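Asks: Spelled out, the chains give:
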Amino acid sequence: MTNQNISELLFKQLRNELTPEEAVELESWLKQSPANQQLYDEINNIPALMEQVRVYGLAEQEVNDSWAKLHARYLMEYPAYKRREFRMRVIMYTAAAAVVLCASLLMYWWLKPAKPSPHTPVVAKAVQHDVTPTTTHAYLTLDDGTSIRLDSLKAGLLATQGNVQVTKQESGLLSYTARTGAPGDRSMTYNRISVPKGSDVVYLQLSDGSNVWLNAESSIKYPVAFNNEERKVEITGEAYFEVAKSHGKRFVVSKGNMSVTVLGTKFNVNTYENENDIKVTLMEGSVKVQQEQVAQIIKPGQQAVVKGPSINIESDVDMHQVLAWKDGKFLFNNTNIQQIMRQLERWYDLSPTQFENEAVKKWEFNGEISRYSNASKVLELLEKTGSVKFIVEGKKIVVKPI
Amino acid sequence: MKETLDSQTFNDFREGKEKAFELVFRMYQPRLMAFAYRFIKDQTIGEDIINDAFIDLFKDCWRFNDEHHLKNSLYVRVRHRCLNYLTQMRRRAYKMVELVENFPDDLLKVNPDIIMVELVEAIHLAIESLPDDCKKIFKMLVFDGLEPQEVADKLNKSVSNIYMQKSIARNVLRLKFPEGLFIITLLLRLITTLLLKYF
Numbered sequence: 014m015t016n017q018n019i020s021e022l023l024f025k026q027l028r029n030e031l032t033p034e035e036a037v038e039l040e041s042w043l044k045q046s047p048a049n050q051q052l053y054d055e056i057n058n059i060p061a062l063m064e065q066v067r068v069y070g071l072a073e074q075e076v077n078d079s080w081a082k083l084h085a086r087y088l089m090e091y092p093a094y095k096r097r098e099f100r101m102r103v104i105m106y107t108a109a110a111a112v113v114l115c116a117s118l119l120m121y122w123w124l125k126p127a128k129p130s131p132h133t134p135v136v137a138k139a140v141q142h143d144v145t146p147t148t149t150h151a152y153l154t155l156d157d158g159t160s161i162r163l164d165s166l167k168a169g170l171l172a173t174q175g176n177v178q179v180t181k182q183e184s185g186l187l188s189y190t191a192r193t194g195a196p197g198d199r200s201m202t203y204n205r206i207s208v209p210k211g212s213d214v215v216y217l218q219l220s221d222g223s224n225v226w227l228n229a230e231s232s233i234k235y236p237v238a239f240n241n242e243e244r245k246v247e248i249t250g251e252a253y254f255e256v257a258k259s260h261g262k263r264f265v266v267s268k269g270n271m272s273v274t275v276l277g278t279k280f281n282v283n284t285y286e287n288e289n290d291i292k293v294t295l296m297e298g299s300v301k302v303q304q305e306q307v308a309q310i311i312k313p314g315q316q317a318v319v320k321g322p323s324i325n326i327e328s329d330v331d332m333h334q335v336l337a338w339k340d341g342k343f344l345f346n347n348t349n350i351q352q353i354m355r356q357l358e359r360w361y362d363l364s365p366t367q368f369e370n371e372a373v374k375k376w377e378f379n380g381e382i383s384r385y386s387n388a389s390k391v392l393e394l395l396e397k398t399g400s401v402k403f404i405v406e407g408k409k410i411v412v413k414p415i
Numbered sequence: 493m494k495e496t497l498d499s500q501t502f503n504d505f506r507e508g509k510e511k512a513f514e515l516v517f518r519m520y521q522p523r524l525m526a527f528a529y530r531f532i533k534d535q536t537i538g539e540d541i542i543n544d545a546f547i548d549l550f551k552d553c554w555r556f557n558d559e560h561h562l563k564n565s566l567y568v569r570v571r572h573r574c575l576n577y578l579t580q581m582r583r584r585a586y587k588m589v590e591l592v593e594n595f596p597d598d599l600l601k602v603n604p605d606i607i608m609v610e611l612v613e614a615i616h617l618a619i620e621s622l623p624d625d626c627k628k629i630f631k632m633l634v635f636d637g638l639e640p641q642e643v644a645d646k647l648n649k650s651v652s653n654i655y656m657q658k659s660i661a662r663n664v665l666r667l668k669f670p671e672g673l674f675i676i677t678l679l680l681r682l683i684t685t686l687l688l689k690y691f
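Going line by line, the protein sequences match chains A and B.
Under the working numbering, the letters of the first sequence match residues 14 to 415, in that order.
Under the working numbering, the letters of the second sequence match residues 493 to 691, in that order.
Rather than coming from a laboratory, the hints here were simulated on the basis of the structure.
It cannot be assumed that every hint is accurate.
Unchecked claim - Below, in silico cross-link-like pairs of lysine-lysine (DSSO-like), each with a Cα-Cα straight-line distance of 27 Å or less: (1) A:Lys390 with A:Lys342; (2) A:Lys210 with A:Lys258; (3) A:Lys409 with A:Lys210; (4) A:Lys339 with A:Lys390; (5) A:Lys374 with A:Lys409; (6) A:Lys82 with B:Lys509; (7) B:Lys511 with A:Lys82; (8) A:Lys82 with A:Lys210; (9) B:Lys533 with A:Lys82; (10) A:Lys210 with A:Lys402; (11) A:Lys82 with B:Lys551; (12) A:Lys181 with A:Lys245.
Note that the structure is predicted; figures quoted are calculated from it, not measured.
Kindly generate the complete structure, drawing on both the sequences and the hints.
Replies: In structure tokens:
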């Protein structure tokens, strides 16, 4: 019940327009308190009401005089210093609020290192011991044991094995194509590509049309032609697969006892030895992740974390972060400093990072920068958060708190 | 009817600026005068009581969250002081306790005091909207309780002229307020009905 409802009811009552429900409502409001009944009676007492109107009119006419009187009294009762006190109260309350706000901001800042704005890489200034990861040092090992350094080659045909040709394209893509019409060869010929630390990502197309991206410090062993019922490849390190569908033939990626089985889909597999767990992240389709006797099927957007003998599924995974390496970026989103440093070690071919103390190891950072920036640029970005300092000692980096 | 203070004025009021005190005073003093008159039929005492309330209010200026709060606080303070005054006059302290308990403490509940004052204000504005001559005659008839003949004598006008002005007032007040749910319109219609019924 509001002032407005009541006014409406009183008005209708005077015009005899009340519905029975409204009459009940008004009745109950009148009974609610003696003050209500009193108001009702007063409204119906026209002479008294008009007296009040008269007083109102007079007061309005004389309001200038009334204010002058009150103002004089106010100035007398409250000398200047007291009036300043009134104002001081407001200032003090505001100041107190500001102090609390500042304190909480500081706490926030202290507990959660700041988020640097994404930087577009600029030409890096020359820094001693700086590293640029611009060349591909990866090499291809053929079945007969010959090694070919991939970056030393011009685009063109690299080798012919059985009825499969290996070609390096202008874009750097290494592709395997089966010569059509050639007689079928049932024997299994394996190739291996190794991407060492400090090397650029290698992009590879297998003979079944599946695409593979290999991160630094990774390798893949695969048959030149997929003649078996299953398409089996073995990896180390990190790789991203876009598997082409091939007549219902399963595609199996294995690493030790862990295997990922798919038909045709996009997913990322991270199996670095120095990371805590093996992580399989699915972009499209569905895959089965198996570790010895345990198997889990994951859906797009999920990540299977293989921890010892068990497999956990994470649903809230940042796909951009998982695939940043393939897109030529470092992308950190509350990423632990140790994990960040491991990525840098692989990418820039650095020695294991030394942490000044245990507390430093727990810090997390946010940021985005091109992987083609110099190492110093990336470190500079992290230093901008104002919580860490990096000291470069040859190929080793020391992380210090500020 | 000027219903609200602008936010700048309200902020200045909280910060204790005298200009804002004046604006608040000008807006509420006449309403409070009519309000106090309900309890104390003496305008001089009423004015003193209201001044005391305002002085107190200025001291507490920093406490108010919004204008609604300020307005309710003003009415409560004036009501309290009026009743206190009456109690002192009657020397019946127990009455005070009882009345204090009936105070509208919940700001969002219906406040009969405010309805009443808004009604008074609306009637005042309706009368002020009449043409000058008409208004003057109306006031003499209603406020001073004069007979049409007495008004005619005072103004050197014929009695029929007075009756004519009275009917003009009636028609103007009747036409003045269109349909609508806005609270002020409602109140104006309410009082128009009242005026026409009794006048």
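Asks: Provide an ascending list of the numbers of those earlier hints which the structure does not satisfy.
Replies: 2 and 8
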